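Enquirer: Construct the complete structure from the given sequences, taking the supplied hints into account.
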Amino acid sequence: MTVATAARAVGKGPRRRGRQRGVRRGDQFAGWAFVSPAVVLIAVFGLVPVVWSLLLSVQQTDLTSAGTWSGGANYTKMVHDPVFWQAARQTLLYCVLFVPITMVLAVPIAVLLNQKVRGMTFYRMAVFAPLVTSTVATGVIFSWLYNPQIGLINAGLDKLGLPQQGFFQSTGEALPAVVGMTVWGWLGFAVIIYLSALQNVPRELMEAAALDGAGRVRAFFKVELPLLAPASSFLLVWLTINALQLFDEVYVTTKGGPLHASTVLVYYLYQQAFVNFDGGYAAAIGVALFVVILIVTVVQLWLGRRTSHYEAG
Amino acid sequence: MRATPQRAGRRLGVRITAGAAVLALGTLAACSGGGGDSGKSHDAIIMWHGYTDVENKAITQLGQEWNAAHPDQKVNVTFAGSNDDALKKTLASFVSGKTPGVAYEYGSSITTLAQRSQTQDLTSLVKGTPSFQWNDFFPAARQAATTPDGKIYGVPALVDNLALVYNKKLFDAAGLSYPTANWTWDDFRNAARKLSEPSQHKYGWAYVNDGTEDTVWRYIAMLWQAGGDLLTPDGKKSAFDSPAGLAAMQLLHDMAVTDHSVYLDTGDGQYQNLFNSGKIGMLWTGPWDLGTINKDISYGAQFLPGKVTHATIAGPDNYMLFNKGDRTTAWAFVQWLDSAQTHLKFAIATGDLPLRQSETQLPGYKDFLKRYPANQVFVDNLSKNATKSRPNIPAYPKISQVLGTAVQSVLLGKAQPQAALDDARQQVDQILAGE
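Quick mapping for you: the protein sequence lines, in order, are chains F and Y.
FYI, full-length UniProt numbering numbers position 115 of the first sequence as 115, with every residue one higher than the one before it.
FYI, full-length UniProt numbering numbers position 210 of the second sequence as 210, with every residue one higher than the one before it.
I should point out that these hints are in silico values taken from the structure, not numbers from a laboratory.
Quantities reported herein were computed from a predicted structural model and do not represent experimental measurements.
Be aware that a few hints might be false.
Facing chain Y, a subset of chain F residues (Cβ under 7 Å, in silico) [to be verified]: (1) S143; (2) F189; (3) K255.
Glycine included, every Cβ here is placed at the ideal spot set by N, Cα and C.
Expert: Pasting the structure below:
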């Protein structure tokens with residue numbers, strides 16, 4: 001408790017503010033000059049689309065001809081659209097499943113990959129490989145694996161005497177099946193983050209723990225795991241943002257189906273914008289998603305700052 | 001009033017931004033002006049298509065042939081990404097100003113594109129050019145190029161339709177005689193049941209069940225076979241919630257849910273691989289799938305089974321022309337591309353069906369049939385069974401989505417046929433009433 005408050009006190013404002021006051025005008029110019037390319041890029045590819053989406057969301061437009069102003073009509077439609085709410089629920093469910101599963105699975109794998117064993121590079125590569133596999137390839141592979149009639153997974157279940165599953169073709173299983181596929185795809189990323197965090201754990205700490213009589217397991221839980229907190233909070237934010245923006249995997253496998261069972265918000269947005277050419281409504285969905293992501297990120301960063309006691313590096 | 005340093009800085013910023021914007025706009029204007037929107041220009045007419053493989057080669061070859069014969073009217077035949085994205089790309093090109101002169105578009109895109117000022121109304125050209133012989137094209141293709149108000153916005157680029165393709169070996173093994181032109185739905189259902197062996201993952205039939213138009217158009221064919229129709233003749237209300245619509249849904253339900261004789265494909269085309277490995281006995285598919293069937297599979301093609309008729313559904317695509325560049329050249333090129341002689345060359349190279357009735361009278365047509373014997377059925381379908389086309393109305397994509405969900409829910413056993421129809425009727429009528 002005391003440690004926590006102390007850490008918070010250290011991270012508090014005065015120091016930062018003080019530093020800023022000391023900056024001279026010339027330095028400020030140099031600073032802006034250095035970041036200006038990034039600022040321009042962010043403005044053009046980040047801010048402009050956001051503002052434009054806001055404008056689109058209060059219009060009826062097919063994205064190519066001039067739209068007509070419609071006020072809050074798109075938002076009213078959204079509130080009364082059952083498929084939108086279904087997509088929102090499913091997006092949330094996807095996040096709640098995908099993020100913790102990925103993180104929980106990544107820790108033990110990272111610990112295993114942190115050992116000194118022959119051929120470790122190979123194992124690390126093997127874990128990382130799914131991340132660099134194209135989504136389309138992943139989708140095709142999993143469509144075959146999950147195939148209810150001829151898929152490998154069902155063949156395995158059959159051997160074990162377990163009932164056959166429908167996976168992508170079942171309304172109840174399509175979303176969990178997408179979770180399984182994306183966890184496989186993103187696990188390597190989480191493992192790499194944890195691995196680098198583990199390698200930054202000071203040796204002295206582990207040695208001190210050993211001297212104090214802590215076994216390997218105890219040392220992990222008492223020393224290493226708490227030190228992974230910054231990595232965890234980074235992953236939490238990063239994976240959640242990615243999860244909220246899930247699209248490609250759904251597009252190449254289930255197309256949001258069957259019967260909207262795996263329709264998530266971004267996929268629904270895509271359908272509205274580029275299948276129905278209802279640009280205004282799609283923009284409204286985009287704005288809703290933007291607000292949700294903003295809130296989630298702010299809350300997570302705030303929680304992360306409150307809970308992680310250690311400064312990275 | 002003296003400006004504070006801060007304000008001055010801000011104003012300078014504004015001026016720079018404004019200047020940049022003017023510069024950017026100027027560049028854009030210069031770019032889009034360069035094409036020469038009216039009159040003659042020496043720039044080649046750009047034609048976008050989304051063909052790959054064999055078709056790509058054939059169309060590129062035709063482009064070269066044209067250019068060799070018309071050095072003053074050059075055409076630049078360009079692959080512009082898959083045809084699946086043609087509509088999106090074309091609409092985007094309207095915004096950017098880099099619109100092609102001609103583009104291959106799916107038949108379903110005509111309603112969206114016809115509403116744009118950039119799209120050329122071809123009615124007077126088509127009707128005013130006797131040598132073009134508009135009535136020589138097959139009826140479904142002509143309908144697909146015409147909007148409900150009778151205006152022609154495209155010329156046929158491709159015609160196809162669905163027929164029953166079956167694996168002869170599997171029929172022999174099951175002791176079944178091959179499908180005939182007079183097959184009924186009962187014959188079809190029985191054969192599918194006998195060809196199925198769920199324990200060995202063998203299925204009599206495959207149905208694309210992703211809820212897209214691919215799911216819908218097979219259902220529409222069945223609806224027509226039962227004597228029903230999608231909408232009322234004036235296009236103002238739904239008409240599929242009828243005894244015919246119910247019979248079609250019931251057949252799907254009986255085969256998929258009761259008999260388990262249908263492989264439900266999620267839309268990734270695995271049915272092709274399964275047909276090739278002898279796991280699926282029958283497909284309802286078009287000529288485009290014949291090329292992917294393995295050489296060692298002995299297959300036959302037949303008309304679709306029927307109830308009242310043996311109706312099939314065609315999915316004709318169009319070449320559409322835009323108000324860009326030299327329109328005389330664009331029209332001349334498309335006329336040549338659509339002439340019986342030129343298209344027959346393309347058909348022989350690719351296996352695409354003939355576009356014109358007169359094409360089947362040309363001497364080279366025999367070579368075409370020799371090369372693609374199964375195509376005889378598809379060609380016969382063109383004049384006999386492909387008599388209707390889907391309504392060319394702007395609301396069609398939305399109607400298709402509703403029907404896709406309805407058919408999917410029946411195939412998955414999530415809804416009873418009548419309930420699915422009732423639900424879909426309500427939604428479609430709402431869409432047609434303007435929501």
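Enquirer: Against each hint, give a clear statement of whether it holds in the structure.
Expert: A quick look at each hint next to the structure:
no.	hint	result
1	S143	holds (5 Å)
2	F189	violated (26 Å)
3	K255	holds (5 Å)
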